[in-house]
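*Asks:* Residue numbers (the working numbering), protein chains in the order written: chain Z, 1 to 399; chain W, 1001 to 1162.
If you're looking for bench data, these hints aren't it; they were derived computationally from the structure. Hints may contain errors.
Far from chain W by the CB rule (all over 10 Å, computed), these chain Z residues [stated by the list, open to error]:
1) Gly29
2) Arg44
3) Glu248
4) Glu288
5) Glu312
Under the rule of at most 16 Å between Cα atoms (straight-line distance), these lysine to aspartate or glutamate pairs were calculated in the EDC-like manner [claimed, not checked]:
6) Lys1137/W to Glu217/Z
7) Lys58/Z to Asp1086/W
8) Lys98/Z to Asp296/Z
9) Lys1098/W to Asp372/Z
10) Lys1137/W to Asp372/Z
11) Lys1030/W to Asp1064/W
12) Lys1098/W to Asp218/Z
13) Lys298/Z to Asp96/Z
14) Lys1081/W to Asp1016/W
15) Lys1098/W to Glu217/Z
16) Lys298/Z to Glu288/Z
17) Lys240/Z to Asp1138/W
18) Lys306/Z to Asp296/Z
19) Lys240/Z to Asp253/Z
20) Lys1137/W to Asp350/Z
21) Lys1081/W to Asp1023/W
22) Lys1030/W to Asp1016/W
23) Lys1081/W to Asp1031/W
24) Lys1098/W to Glu1116/W
25) Lys1030/W to Asp1086/W
26) Lys141/Z to Asp96/Z
27) Lys93/Z to Asp1023/W
Just so it is clear, the structure is predicted and the values come from calculations on it, not from any experiment. The beta carbon of each residue, even a glycine, is placed where N, CA and C say it ideally should be.
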Amino acid sequence: MDSIALTKQQLDGDRMIVNMGPSHPVTHGTLRIVLELEGETIVRATPEIGYLHRGVEKLGESLSYQQFIPLTDRLNYTSSLMNNVGYTLAVEKLLDVKLPRRAELIRVLVSELARIGDHIVCVGINAVDIGAFSAFLYLFKQRETIYDLFEMAAGQRLHTSFTRIGGLMRDIPEGFVPLTERFLVECEAAIDELERLLTRNPIWHDRTKGVGAISAEDAINWGYTGPCLRAAGVPQDLRKAQPYLGYETYDFDIPVGTTGDVFDRYLVRVEEMRQSLRIIRQVLDRLEPGPIIVDDYKVALPPKEKVYTRMESLIHHFKLIMHGMEMPVGEVYSATEGANGELGFYIVSDGGKNPYRIRVRPPCLPIFSSFDSQVNGCLIADAVAVLGAMNVIAGELDR
Amino acid sequence: MVIEQIDAQLPGVIADRHAFRGDQTAVVPKDRFLEVVDFLYREGFQFLVDVTAVDWPERAQRFDVVYHWLNLASQERLRIKVPVADGEAMPSLVSRFKTADWYEREVFDLFGIPFEGHPNLTRLLTWDDFPGHALRKDFPLDGGDAFCMEGCTAPYNRGERA
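When you get a sec, could you build the whole thing from the sequences and use the hints?
*Replies:* Here you go:
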């Protein structure tokens, strides 16, 4: 149908219609943008999404609360661990479970690592799309270290599924902390290197300054969250505003931009990486041995030694696997500060084994919905820069 | 708490309310929903965080349309639920909150709840002639017969299985 409309419009006027996507190097995922052009200027951009729609929310209604955790990996796949954390926090809010201290600390540690990894991808790829190839290569090494750390902790690089309801899958192994300490030093140096390449680079300024600028009011009205909202000058960070996992006890700053353009988003993300390193350093200072999952066998599985040797533990194990947890009737909305912005989970429980309704509030959906107003009147090359700075992750956008 | 203020300023508008684990929820009838939105906007709830719906097939008013608001100044959150029957249209919030555009399209797509006054109410995630609405409870999980494209008008499969 579209192709017919396309030829008709091409015949009628001087507007040219260009398809960006569904498979295009700058879309980083599968999404389609129909650009209407007058010369090089974009007159209208119509985003079309849903190419990666897997029905995660529908699937969640037929899976138990634990079984949903692997699906959260596949939302924002560049920082899957933060999705794990966000989801389990929502279920823990529903259950009213208090986490052990070590589990909280490790969750903060891996979340911040994931945030750095996500920002590396966003900033690096944004630069690659605009034409600055080398910046990403410096950071890519650090991203590898982050994935090595995830592999050590969870056994998987991307689809981590590291958290469990009430705690973690397992404790971080020996060698994790020394590697993290090394990473802190190397990553700091790599960020310095990145800044030397880009922050005062006149070509980078030309390509990013003033592109995709948005006022604070508009950003709020469009439902922006995360770095894009902060770049527009709104100091809204859920880690400070509505702290969870003990974030109120850490010492870190929230970088804020002024114009909301691509350059400010870049600066905010770079500074957030530094702040995340600061948080990780504080976590490492506080780490001490302890349990990593709640000692409540109605929520978390008992340890294997007990299952094999004690009758009650075996019963608990069996009950939890076969019947699931005893869920209260009610509804909760729990939001965490994901790498892209507010990642919310709205869970409605009718007391059954499975959630009655599970809703994922993806941070990049409202941000991407403003794409048309962001690129209107810009050039195609600017659309590429804006798309990269929005950090649209199709897996999360389409769910 | 903003719910008390709503109750005082607009008496009788809150049909039901509850608080669970610190989440404030107010149930509001559809015909007075826009009044409440106006009031909330004036009170500083200018950030529409999320719009979604929940299907309760056994109820007469089958759907709950669920709105989450955030007050950036006080960091207070509020959930407003509006029950609607099948086929009944909700008033659109696009003129006030631009973010409602895609959220409402998504709810229309996955639940089949129309929004009155929406400038471009088309499906967001599934394709235009997708049979049925995927997040309704009576939509089969595996797609079921619905995926045989019964009554489907797409030129590319002539009513045959895709």
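*Asks:* Does each hint hold? Answer for all of them.
*Replies:* Hints and how they fare:
Consistency note on glycine 29/Z: stated as away from chain W, and its beta-carbon is indeed over 10 Å from all of that chain's, at 14 Å minimum. The non-interface label for arginine 44/Z is consistent with chain W: the shortest C-beta to C-beta separation is roughly 12 Å, beyond 10 Å. Distance to chain W confirms glutamate 248/Z as a non-interface residue, since its nearest Cβ pair spans about 13 Å, more than 10 Å. Listed as outside the interface, glutamate 288/Z is consistent with that label: its C-beta sits roughly 29 Å from the nearest C-beta of chain W, beyond the 10 Å cut-off.
Its beta-carbon lying about 29 Å from the closest one in chain W, glutamate 312/Z satisfies the requirement of being farther than 10 Å from that chain. Pair hint lysine 1137/W plus glutamate 217/Z does not hold up; C-alpha atoms about 38 Å apart against a cutoff of 16 Å. Of the supplied pair hints, the one linking lysine 58/Z and aspartate 1086/W is violated, its CA atoms being roughly 19 Å apart against a limit of 16 Å. The suggested pairing of lysine 98/Z with aspartate 296/Z holds, with an alpha-carbon distance near 10 Å, which does not exceed 16 Å.
Only pairs whose Cα atoms come within 16 Å are accepted, and lysine 1098/W paired with aspartate 372/Z is accepted, the gap being roughly 12 Å. Between lysine 1137/W and aspartate 372/Z, the direct Cα distance comes to roughly 34 Å. Violation of the 16 Å bound is thereby established for this hinted pair. For the suggested pair lysine 1030/W and aspartate 1064/W, the alpha carbons sit about 10 Å apart, so the restraint of at most 16 Å is met. For the proposed pair lysine 1098/W and aspartate 218/Z, the alpha carbon gap of about 9 Å is at most 16 Å, so the pair holds.
Restraint check for lysine 298/Z and aspartate 96/Z: satisfied, since their Cα atoms lie roughly 13 Å apart, inside the 16 Å limit. At most 16 Å may separate the alpha-carbon atoms for a hinted pair to count; lysine 1081/W and aspartate 1016/W meet this at roughly 9 Å. Our distance criterion of 16 Å between C-alpha atoms is met by lysine 1098/W and glutamate 217/Z, whose separation comes to about 11 Å. At most 16 Å may separate the alpha-carbon atoms for a hinted pair to count; lysine 298/Z and glutamate 288/Z exceed this at roughly 26 Å.
For the suggested pair lysine 240/Z and aspartate 1138/W, the alpha carbons sit about 42 Å apart, so the restraint of at most 16 Å is broken. For the hint pairing lysine 306/Z with aspartate 296/Z, the CA-to-CA distance comes to about 13 Å; that is within 16 Å, so the pair holds. With a C-alpha separation of about 9 Å, the suggested pair lysine 240/Z and aspartate 253/Z falls inside the 16 Å cut-off, and the hint holds. Proposed proximity of lysine 1137/W and aspartate 350/Z is supported: the alpha carbons are some 14 Å apart, at most 16 Å.
Proximity of lysine 1081/W to aspartate 1023/W is assessed by CA-CA distance (about 13 Å); at most 16 Å being required, the pair is judged to hold. For the suggested pair lysine 1030/W and aspartate 1016/W, the alpha carbons sit about 13 Å apart, so the restraint of at most 16 Å is met. Note on lysine 1081/W and aspartate 1031/W: the hinted pairing holds, with a Cα-Cα distance of about 13 Å set against a maximum of 16 Å. Of the supplied pair hints, the one linking lysine 1098/W and glutamate 1116/W holds, its CA atoms being roughly 15 Å apart against a limit of 16 Å.
At most 16 Å may separate the alpha-carbon atoms for a hinted pair to count; lysine 1030/W and aspartate 1086/W meet this at roughly 13 Å. Between the alpha carbons of lysine 141/Z and aspartate 96/Z the distance comes to roughly 40 Å, so the proposed pair goes past 16 Å and is violated. For the suggested pair lysine 93/Z and aspartate 1023/W, the alpha carbons sit about 10 Å apart, so the restraint of at most 16 Å is met.
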